[in-house]
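Trainee: Taken in sequence, the protein lines are chains G and Z. Be aware that the first sequence starts at 1, since it is given in the numbering used here, and climbs by one per residue. Be aware that the second sequence starts at 1, since it is given in the numbering used here, and climbs by one per residue.
Take these hints with a grain of salt, some might be off.
Said to hold, decoys possible - Pulled from the structure, derived: some chain Z residues nowhere near chain G, Cβ distances all over 12 Å:
| no. | residue |
| --- | --- |
| 1 | Glu6 |
| 2 | Ala14 |
| 3 | Arg15 |
| 4 | Trp24 |
| 5 | Glu33 |
| 6 | Arg60 |
| 7 | Glu95 |
| 8 | Cys101 |
| 9 | Ser104 |
| 10 | Arg107 |
| 11 | Gln109 |
| 12 | Val119 |
| 13 | Thr123 |
| 14 | Arg136 |
| 15 | Ser142 |
| 16 | Arg143 |
To be verified - Here are some chain Z residues pointing at chain G (derived, C-beta under 8 Å):
| no. | residue |
| --- | --- |
| 17 | Tyr16 |
| 18 | Tyr34 |
| 19 | Gln69 |
| 20 | Ile121 |
Said to hold, decoys possible - Straight line, CA to CA, 30 Å or less: simulated DSSO-like cross-link-like pairs of lysine-lysine:
| no. | chain 1 | residue 1 | chain 2 | residue 2 |
| --- | --- | --- | --- | --- |
| 21 | Z | Lys93 | G | Lys465 |
| 22 | G | Lys404 | Z | Lys125 |
| 23 | G | Lys433 | G | Lys56 |
| 24 | Z | Lys125 | G | Lys401 |
| 25 | G | Lys433 | G | Lys96 |
| 26 | G | Lys450 | Z | Lys93 |
| 27 | G | Lys55 | G | Lys257 |
| 28 | Z | Lys125 | G | Lys465 |
| 29 | Z | Lys125 | Z | Lys56 |
Calculated from the structure, these hints are not laboratory results. All values derive from a computational prediction rather than experimental measurement. Note that CB positions come from ideal geometry on N, CA and C, so glycine has one too.
Next come the chains, spelled out residue by residue.
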Amino acid sequence: MPVVDPSVFLRLGSHSEKDYFEKVIPFVDGYIIAANLVESTPLACASLVFRFSGKKKNTPYLLDPMTYVFGAYLDPSINVVRHDLDWIKSDQKRKKKPVRDFKRSYKGLGEVFGGPFAEAMCDNENQNAAISPSDLSSDEVITQVSKTVMDYQLQRIPNIFRDVIEDDPVAAELTEGFPLPLAIIAPYFYIEPSEEASWIDINLRMMKETVSLDPDLPVHGVLCLDHSILLEREKIDKIAQNILQTGIKGIWLWISKLNEDELTGDKEINVESTDKCMKLSAVRYLVETLSNQIEVYNMHGGFFSLVLSKFGMKGISHGVGYGEQKDVVPVIGQAIPIVRYYLPNIHRRLGVPDIERCFHSLGIREPNDFYEQICDCAICRGVVNSSVRQFRLFGEMKPPKSGKQRSTQTPDAARRCRFHFLLTRIRERDWVKKVTLQQIVDSLNSSNQKWGNQPTVQRYCPHLKAWGAVLANED
Amino acid sequence: MRPKRETELIYPVARYFMHKGFRWQVTELQFYEYIIDIYGFSRISDLTISVELKIKNWRRAFEQTLVYQLCSDLVLMALPKETVHRVDQGLLKSEGIGLLCVGSNNRCQIIVEPRLSYVMIDTYKRRNIDLLRQERSRAYASR
């Protein structure tokens, strides 16, 4: 297994995150923009790419084609596989009448991709609108879909500029040297468990076909699986072997619903029997198997995936303050999430009072104690500058809006938490690069000893033991 | 009758602490992401109290009450008589959390006395007292 230097890619969720990108982009290894965001805000995306990936900054980027959104999905709220694509629809108004129709960005994307994608978008009342494996069974369709998706990544963003500037010769010159993505991502669909074999086949064929189209850039694939499949080692092994035969240069793992750090309770942790450990072990195995020949990334990963660089994981991606885990279909209608403070020692986000409750027993009385035991990043030094009581600014709440019952986090507090997280993530990446696996395992164990005894934090610590066990396992 | 919902415990517990001098009270006071079921203040003793009501899951109540110690002098969990025996009283005593038993006739009895919180942050306490004061003014104004 090759030990590699891990990289961190930031995923742009919306243009409101541009400020974070501006400040952090020089320190990360690249960024990812989703195609639906490009379709909803084409010019803003194109200028962002030009700004961050132009000659001056030259930051690598990827354009995620988001093809999976057109496939069937398991609705988490009713636990039923749905083919109506309702999750990419919204309530809209046409001629003062309410209509439930596809969101503009996805509709636009479907039209640009054409073929089965455009067909899926043409009738908003079709209960079977989703693309199914049978829609993609012929080689012709596979070729057409692969080509369109490849061309999209190569040409869409330069074309946005071309459309706007048209006759301006200076601007036209700029588009000539327009930055290309780091790689072409082959079209991909979620391997929905009820049609697992067909979806695996389709995904592999699309990877292979994109390679055979021979773009000048390396081809990457996305393996978008349900976490449950990780318990079937033989199946995982077979998928890995098949991926290696497609000719792609890199693979992005996306294990839906696998939350690396979510392991609670005080049950005994055993690498061979604890469900979560077995899944994390399977991810490690997948990385070890694939990284001998191709680059392996985790599309929505956290610290554990970063450490898997010691087993060949080339990098991870996530959002500016979230997205270290992502379900293929998000649960809709949840309350606005509070951005919690990322506690560097345990590599997990916690509420401010849960951490503050430990200050007394840990002897954190002065800012210097805080820097020594919690975090000394530039954000924390700026916020906790004269008293440890200022730590509460990471969780600052504002009174509820009229008609609402609950207070919400202030935008400034959320911003502090996000910036602190990003700086910490960059530090983690640099630290992982320079230490050995044994040093990481030792650090996880000592963090567990320190924080696992704190009554308000201990329930957030079992993952430390699990990670240590999975990483140290020599099987 | 055995209570089925936490809200059934509000009245007897609130009344109990009212008699103990915590005359300023509010239910569902937000403290960061947490919601304190009953928060009270005694002007005579200048003490504040937080109570977490639970029907069964005392361990979850324990986790919550530990956090409430940041903003109240005294913290307790209140459970119905039928489940109170499950609680690890030693654990509560070690952290200074009190335990209140609510009987079938709505009578309350202290099983474990709470200790004064040693982690309380005065800013949080004063802010909560201000909220109670505002709540009272609003209640008076609407009469």
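Trainee: Run the distance test for Lys125 of chain Z versus Lys401 of chain G: straight-line Cα separation, threshold 30 Å.
Mentor: With a Cα-Cα distance of about 23 Å, the restraint between Lys125 of chain Z and Lys401 of chain G holds, given a limit of 30 Å.
Trainee: Please settle this one: Ser104 of chain Z was flagged as non-interface, so is its CB more than 12 Å from every CB on chain G?
Mentor: Consistent with the label, Ser104 of chain Z stays out of reach of chain G, its closest Cβ about 32 Å off (over 12 Å).
Trainee: Next pair to validate is Lys55 of chain G with Lys257 of chain G; report whether the Cα-Cα distance is within 30 Å.
Mentor: Not satisfied, since the Cα-Cα distance of roughly 38 Å exceeds 30 Å.
Trainee: Compare the distance between the alpha carbons of Lys93 of chain Z and Lys465 of chain G with 30 Å, and conclude whether the hinted pair is satisfied.
Mentor: holds, 28 Å
Trainee: Is the Cβ of Ala14 of chain Z farther than 12 Å from every Cβ of chain G?
Mentor: holds, 19 Å
Trainee: Is Lys125 of chain Z within 30 Å of Lys56 of chain Z, Cα to Cα?
Mentor: holds, 28 Å
Trainee: Grab the minimum C-beta distance from Tyr34 of chain Z to chain G and call the hint holds if it beats 8 Å, violated otherwise.
Mentor: Holds. Min distance 7 Å.
Trainee: So if I understand the rule, the pair passes when the alpha-carbon distance is 30 Å or less; does Lys433 of chain G with Lys96 of chain G pass?
Mentor: With a Cα-Cα distance of about 58 Å, the restraint between Lys433 of chain G and Lys96 of chain G is violated, given a limit of 30 Å.
Trainee: Just want to verify: Trp24 of chain Z was marked as not at the interface with chain G; is every Cβ pair farther apart than 12 Å?
Mentor: It holds; Trp24 of chain Z is separated from chain G by about 19 Å at its closest Cβ, greater than 12 Å.
Trainee: Straight-line Cα separation of Lys433 of chain G and Lys56 of chain G no greater than 30 Å?
Mentor: Status holds; Cα separation ~26 Å.
Trainee: According to the definition I'm using, a residue is off the interface if its beta carbon is farther than 12 Å from all beta carbons of the partner; does Glu6 of chain Z meet that for chain G?
Mentor: holds, 17 Å
Trainee: Lys404 of chain G and Lys125 of chain Z: Cα distance at most 30 Å?
Mentor: holds, 24 Å
Hint compliance for this structure: hints 5, 6, 7, 12, 13, 17, 25, 27 and 28 are not met, and every other hint is.
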